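Let the hints inform the model, and build the full structure from the sequences given.
There are 2 protein chains.
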Amino acid sequence: MITNRRNFLKSAGMLTAAAALFNPASLFAQKGSKKSGSSKVMKLEFEPYELQFKHAFAISTLTRTTTPIVLTKITYDGYTGYGEASMPPYLGESHASVLDFLKRVDLSQFSSPFMIEDIMAYVDSISTNNCAAKASVDIALHDLVGRIMGQPWWKIWGFDAADCPNTSYTVGLDTRDVIIEKTKEAAPYKVIKVKLGHDEATDKMLINTIREVTDTVICVDANQGWKDKNYALDMINWLAERNVNMIEQPLSKYMLDDTAWLTERSPLPIIADEACQRLSDVKKLHGAYSGINIKLMKCTGLHEAREMITLAQALNMKLMVGCMSETSCGITAAAQIAPKMEWVDLDGNLLITNDRFTGGMEIVDGKVTLSDRPGLGIEPIKA
Amino acid sequence: MITNRRNFLKSAGMLTAAAALFNPASLFAQKGSKKSGSSKVMKLEFEPYELQFKHAFAISTLTRTTTPIVLTKITYDGYTGYGEASMPPYLGESHASVLDFLKRVDLSQFSSPFMIEDIMAYVDSISTNNCAAKASVDIALHDLVGRIMGQPWWKIWGFDAADCPNTSYTVGLDTRDVIIEKTKEAAPYKVIKVKLGHDEATDKMLINTIREVTDTVICVDANQGWKDKNYALDMINWLAERNVNMIEQPLSKYMLDDTAWLTERSPLPIIADEACQRLSDVKKLHGAYSGINIKLMKCTGLHEAREMITLAQALNMKLMVGCMSETSCGITAAAQIAPKMEWVDLDGNLLITNDRFTGGMEIVDGKVTLSDRPGLGIEPIKA
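Those sequence lines, one after another, are chains A and B.
For the first sequence, our numbering gives the first residue as 1, with consecutive numbering after it.
For the second sequence, our numbering gives the first residue as 1, with consecutive numbering after it.
Bear in mind the hints are in silico, worked out from the structure with no lab data behind them.
Keep in mind that the hints are not guaranteed to be accurate.
It does not matter which identical chain is meant; a pair holds if it fits inside one copy or across any two.
Straight-line C-alpha distance at most 30 Å; calculated DSSO-like pairs for lysine-lysine [to be verified]: (1) 284 x 318; (2) 184 x 367; (3) 283 x 318; (4) 367 x 40; (5) 283 x 253.
Predicted, not measured: the structure shown is a model, and the values here were computed from it.
In structure tokens form, the structure reads like this:
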């Protein structure tokens with residue numbers, strides 16, 4: 001009953017309160033990255049928003065047409081940094097839970113936005129979960145601090161932008177004709193991503209249909225959809241003969257031993273997605289998976305993502321970066337680590353009709369292309 | 001024979017060539033951190049130098065009065081960054097080997113000093129060892145890039161300068177009277193470091209003599225001096241009763257199993273020093289040691305040191321930063337990671353009479369104190 005009451009507050013009262021408090025047009029419509037004031041106190045603002053999909057989005061368990069997000073902004077000393085929380089329903093967050101969380105964040109206690117370790121340790125201590133809400137603070141902080149230093153984060157971290165791999169473009173499950181049409185749309189991309197984990201006939205139909213159109217390499221995300229390790233191994237062997245080069249989350253995230261069995265026998269690398277949330281998961285997955293899929297909305301943002309990279313590399317684990325449905329803000333934040341990745345799945349902003357930012361990461365000839373602009377290099381556009 | 005000839009070249013010919021090529025007074029005497037030119041090609045320069053000790057320096061195997069170092073500087077776009085290689089004889093490097101190495105480094109092939117990962121991967125590929133020479137490039141690069149961004153590295157990394165611990169001050173083996181005098185000199189420090197690993201009577205005399213003067217906490221570095229695990233455990237139990245709070249390298253770096261045995265039974269944390277050189281060592285030491293001592297001259301510099309921190313933390317290993325005899329350049333570089341350390345042993349520049357830099361890390365009331373100045377925040381002084 002207590003849980004129910006809290007959920008009710010989260011999904012009703014708080015959202016209304018937030019809607020009254022924050023006016024999207026006034027908060028995010030102005031160009032805000034340049035010096036426009038000079039308070040040396042960090043101020044966090046936020047606004048709920050709803051992303052609209054170009055195509056309905058099908059994964060193994062449901063179909064959706066929108067994703068709720070919350071846009072954040074932190075101002076300090078005349079600089080503004082932008083962030084974002086994206087809340088696909090399976091993560092258990094919502095407008096209400098994120099707004100509720102962000103109202104509890106008091107950044108005025110920190111003397112400088114550079115204190116990212118202390119600030120994120122504090123933000124992380126506010127609640128057990130709320131990873132997307134935490135990421136929305138982390139991303140805005142990084143944008144802010146990068147703007148102050150006059151550099152993008154890929155450069156601050158010493159990465160080489162030329163190391164960015166091709167990004168994948170998702171072809172979802174649909175009728176045969178629509179799959180063919182979508183595969184043709186994906187022609188500018190060098191990698192196709194396919195979400196499997198349906199029944200065998202459906203999974204094979206999807207792959208075979210794509211293969212009628214193109215031989216472009218395919219990344220498969222099974223989204224925990226395969227129930228048995230032997231079946232999964234058969235499927236992977238079948239896929240390996242069809243120019244598939246990796247499998248994300250073939251089995252349930254709870255089936256660690258079965259996944260280790262599968263990874264040992266699989267001709268393709270097995271990447272943890274649902275099984276890998278945060279830095280503390282990486283060590284546990286070592287030996288069972290070939291690598292990890294880092295998503296900022298799961299790992300609380302760029303600060304922890306940077307540490308996950310170091311740890312995974314030290315453990316000889318492969319690296320991938322993924323995303324939710326996000327604006328160019330979240331996607332460009334994730335793109336900062338693209339030079340260290342073997343696979344990049346950052347098409348979240350390409351699949352929506354109502355982005356809120358320009359100037360972020362671009363896909364040029366299928367490849368992630370990072371700008372030299374400070375912070376994330378993005379600017380807000382009118383809603 | 002081939003080795004001998006190479007050693008001869010290293011210790012004679014190359015040093016002479018270097019001495020002819022580089023004039024200390026002209027290279028390092030000017031104030032060089034501000035814009036003074038604008039070539040967008042990185043230029044590496046270097047100069048051999050000899051540090052003079054205030055006191056002769058005794059460890060378990062020898063006594064010395066000087067340490068050879070090489071000062072480096074990288075210029076780019078009107079900015080200058082300073083670095084340093086320190087070559088205590090037990091590391092196997094010398095003026096000749098470092099100068100020989102640095103002559104092979106061609107930074108002009110890189111378009112930007114921000115490409116620290118690529119540059120250090122290239123530098124590391126030039127030879128198998130030469131870690132101090134590699135560190136001298138890494139430190140100068142970090143100073144340079146920090147100056148371009150207008151920030152010190154502890155801040156760029158998101159650390160909190162207030163987290164810096166007290167540094168230790170070394171009281172070396174000597175006569176009873178000199179030990180008493182030196183212990184009194186150490187009064188401003190909150191931690192005393194003692195190098196043990198002599199015979200039992202000598203080790204105990206040193207500790208007992210210090211304890212006649214002060215109860216200040218002691219860090220013990222046994223420098224691989226204890227030959228047997230049972231003897232080491234007895235000594236550690238004896239030390240634990242005398243306000244000692246950690247033991248560095250009690251046994252030979254090759255005695256990994258014996259060290260694991262000892263760590264399991266020791267009331268004090270056991271820290272790897274000689275056993276821990278680089279990032280790749282950390283994982284191997286996990287389980288056998290409680291933590292690691294990071295030294296820039298062993299691990300090729302700040303870039304790798306930053307990764308060692310992340311890995312050690314993920315493996316629940318304790319962290320310490322140490323140094324060789326170095327100028328304020330190398331010491332201040334190492335101090336950038338001090339906020340993440342449990343123990344800091346950065347007195348290398350306090351024990352020499354001929355420092356070459358001002359403006360670096362300071363010890364205030366026994367505590368490492370970092371400046372807000374860009375890069376390392378140091379300026380060269382006349383030789």
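To see whether the hints hold, each was checked on the structure:
| no. | hint | result |
| --- | --- | --- |
| 1 | 284 x 318 | both (15 Å within a copy, 20 Å between copies) |
| 2 | 184 x 367 | within (18 Å within a copy, 64 Å between copies) |
| 3 | 283 x 318 | both (13 Å within a copy, 17 Å between copies) |
| 4 | 367 x 40 | between (39 Å within a copy, 27 Å between copies) |
| 5 | 283 x 253 | both (15 Å within a copy, 26 Å between copies) |
Comparing the model with each numbered hint stated earlier shows that all of them hold.
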